[in-house]
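Participant: Residue strings, one per chain:
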Amino acid sequence: MSKNDRIIESLLFASPEPLTQKKLSNIFDSDVPDLKFSVERLNSFYNKNNQSIEIINVAGGYQLRTKQEFSIFIKKLFNNNFQNSISQAALESLSIIAYKQPVSKSLLESIRGVDCSGVIKTLLKKSLIQIKGRDDGPGRALLYSTSKEFLISFGIDKLSDLPKLKEINEIIGESNFDKQINAFK
Amino acid sequence: MHNIHLDQFEGPLDLLLYFIRRDEIDIYDIPISKITYDYFNVIDKMNSLNVSIAGEFVLMAATLMKIKSKILIPRQELNEEGEVIDPRTDLVNKLIEYQQFKTVSEQLRLLHDEADLSYSRKLSEESDYENSEKLSPNDLNLFNLAELFKKAIEKAPLIKPMELRAEPVSLENRKKLILSLFDGNGKLSFFNLISNLKNRLDIIISFLAILDLIRTKQILVFQKDVFSDLEFTILTIE
Numbered sequence: 000m001s002k003n004d005r006i007i008e009s010l011l012f013a014s015p016e017p018l019t020q021k022k023l024s025n026i027f028d029s030d031v032p033d034l035k036f037s038v039e040r041l042n043s044f045y046n047k048n049n050q051s052i053e054i055i056n057v058a059g060g061y062q063l064r065t066k067q068e069f070s071i072f073i074k075k076l077f078n079n080n081f082q083n084s085i086s087q088a089a090l091e092s093l094s095i096i097a098y099k100q101p102v103s104k105s106l107l108e109s110i111r112g113v114d115c116s117g118v119i120k121t122l123l124k125k126s127l128i129q130i131k132g133r134d135d136g137p138g139r140a141l142l143y144s145t146s147k148e149f150l151i152s153f154g155i156d157k158l159s160d161l162p163k164l165k166e167i168n169e170i171i172g173e174s175n176f177d178k179q180i181n182a183f184k
Numbered sequence: 000m001h002n003i004h005l006d007q008f009e010g011p012l013d014l015l016l017y018f019i020r021r022d023e024i025d026i027y028d029i030p031i032s033k034i035t036y037d038y039f040n041v042i043d044k045m046n047s048l049n050v051s052i053a054g055e056f057v058l059m060a061a062t063l064m065k066i067k068s069k070i071l072i073p074r075q076e077l078n079e080e081g082e083v084i085d086p087r088t089d090l091v092n093k094l095i096e097y098q099q100f101k102t103v104s105e106q107l108r109l110l111h112d113e114a115d116l117s118y119s120r121k122l123s124e125e126s127d128y129e130n131s132e133k134l135s136p137n138d139l140n141l142f143n144l145a146e147l148f149k150k151a152i153e154k155a156p157l158i159k160p161m162e163l164r165a166e167p168v169s170l171e172n173r174k175k176l177i178l179s180l181f182d183g184n185g186k187l188s189f190f191n192l193i194s195n196l197k198n199r200l201d202i203i204i205s206f207l208a209i210l211d212l213i214r215t216k217q218i219l220v221f222q223k224d225v226f227s228d229l230e231f232t233i234l235t236i237e
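Residue numbers (numbering that gives the first Met the number 0), protein chains in the order written: chain A, 0 to 184; chain B, 0 to 237.
In case anyone wonders, no lab produced these hints; they're calculated from the structure. Backbone N, C-alpha and C define an ideal beta-carbon position, used for all residues, glycine too. Heads up, some of the hints might be wrong.
[Claimed, not checked] For the chain A half of the interface with chain B, some residues (derived, Cβ under 8 Å), not all of them:
hint, residue
1, M0
2, N46
3, S70
4, I73
5, I85
6, G132
7, G154
If we strip away everything but chain B, and leave its shape as in the complex, we get (with noise of 0.2 Å):
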């Protein structure tokens, strides 16, 4: 027994070409039972060994069986001619026209090779370089149109969604926190409390405690020259 593995074939249609190559099978004349039995074999093992096996396979192996089945009975089927129609025609023709594909593909990959061993300057994606045959109106379809899009959302600035959260902070807090801090004498350097705040949103809320509190008379601010420090005063609480 030969040992195959699936993930060898393209596909059910190379597994049987396989086959018929190694056997030396006229494609023409394929003797069905033993492509079929070979088939299942091959089926039958990957199954076995828990391969999971793709369902064109099990297609495949179900038409085996079908034309298996159609050889069998002995009533046949004629075309429009009056001819008998062999139930292997459709597969062959098959066979053959993916087998011819097969061998192209094989002369691509010679040339693909080949054009692969010289080197060119290649499009650099930041090139400004833009294909300048422009299209013409009658050039432009629907495909192209949709392409052209893709690459200008591809291009476009991404737009960050901006996310609103409740603010860690409270005003009411941040008030209490501020009239802790005044020393024994009811002062309070204005330096000395945002030298202590770390970042923006600190400050801000601090500032904003600092008004209010000043707005509902808690504190009195004094400053001796422009840009100077700020001097709180606490007011007595009665």
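Bound-form chain A, shown alone (with noise of 0.2 Å):
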């Protein structure tokens, strides 16, 4: 490992959020080391040697985190809440919100059929979405997005790695074709 790995390594160890290689930037005076090479090397280093932890590439940048298989000793070790239960009203509210986005409250509750005003406060509440502007339209609703500390919770760099709409179209398509048929035996 060169110094710079090792000085990225404990940047990233202390970071509280992603680390980018614009921040990097900032903290080297010259020479900006490139982020991604090193972090390859810490993470090939840390399999070699069999540790505990590895950096994961999520909201366009770089994190430290422990492997998952301790995840068991570590939730004991936060007895128990550090789990960020989610429900399904605030997942599917998100998911519409993420490929939709910007998504006024109107359009949220005419997919979902159902009022959103409670789970849009607690979306907003845990920072998973943000207030992007208002709609232009009579009004002028507030139009709301998903923020980073969505992608940092569901683990995603960035939202086109989201599954494809028109991917999951096609499962839906494919099972609804597999049910005609059966309908037909």
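Join the two chains, each given in its own frame, into one complex according to the hints.
Facilitator: This is the structure in structure tokens:
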């Protein structure tokens, strides 16, 4: 490991949010190392030495995380309070916002067919969504989009990494097709 | 009859999708009669259990009735191209769209559960760490400005309103009390007087009373040395 790799390791350890190449350029005065390559070297070092941590690519940056196999111990460390439970309503709303952003409350409600005031409040409080602006239409409704925290909580690097809606259409389409065939039998 | 609890469903669309899955119904050819019957059964059951039913379930009941009545009426509505509009189309599109996002949300749950198994350092409330990717004026919009303002307000020290209350003791009463404390020789020690006083207000009001008694020449005050006890002598009241 080079000295720069070790510096980056310390930054990853200390940083409360994913470390980005951009941030690195604020830290190194000259000869800014390439974060991606350092992360690769660090990860292969961790693997070779059977370490309990790994660096993952999330929300456009890199984050040091414990390996999943240790979660049962860490849960005990936090008295099982660590897990962020998330309701079905919140997940449904999040997926609609993630794919259709920016989204107004009324669009969200028309897709889900239920009132969404409460769930929007919860998602805002958990910082999973943010207010992006206002609709130009009548009433100038607030528009919501997903946040960086959403990417971090779901281990997603960027929004385009979400499964494509088209792919999902195909999945649904196929299962429907199967059903129709079954109906003919 | 299946045992169905309304709170298991995220809403009326979810309930309808349940019927569709359960009875393996083709979503493009929903038997409105049957599904409306099932739907009302559930609603009735909830009503008989005195469970208050959310407005959206009632709205869906009305929508189902409307579709059913449109099917019954022989006069068909045509679209611009002269094709017959299936009264179920809107509902079907809604169901498909909702089903799509329900599927996505199941995938999101998997991602969330997976991400939840590994742990990272979290930003603590008191941390000085700031998002050093500074906002340029171009990026700044009304909403992140409002957010920053809210944060600043939350961090601002709380100013407690000051309450002014009427004093529980009056100067006149205190003067009378002090005069009644003089011994048979008309003497009173200041140290003795304040040793019986409980709080600051008591001390202040007593001190004011004494000053006032001196001013109106009702008592005299002597002090032997600096910082020594004060001795009051009552002047004869005519």
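Participant: A separate judgement is required for each hint: does it hold in the structure or not?
Facilitator: Status of the hints after comparison with the structure:
A hinted interface residue such as A/M0 counts as satisfied when its beta carbon comes closer than 8 Å to some beta carbon of chain B; here the least separation is about 21 Å, so the hint is violated. Proximity of A/N46 to chain B is violated relative to the hint, the smallest CB-CB distance being about 15 Å (cut-off 8 Å). Because the smallest distance between the Cβ of A/S70 and any Cβ of chain B comes to about 4 Å, under 8 Å, the interface hint for this residue holds. Look at A/I73: its Cβ gets to within about 5 Å of chain B, closer than 8 Å, so that hint holds up.
With a cut of 8 Å, the hint placing A/I85 at the interface with chain B holds, because the nearest CB-to-CB distance is about 6 Å. Given hint, A/G132 at the interface with chain B, holds; its Cβ is 7 Å from that chain's nearest Cβ, closer than 8 Å. Hint on A/G154 holds. Least Cβ distance to chain B is approximately 3 Å, under the 8 Å limit.
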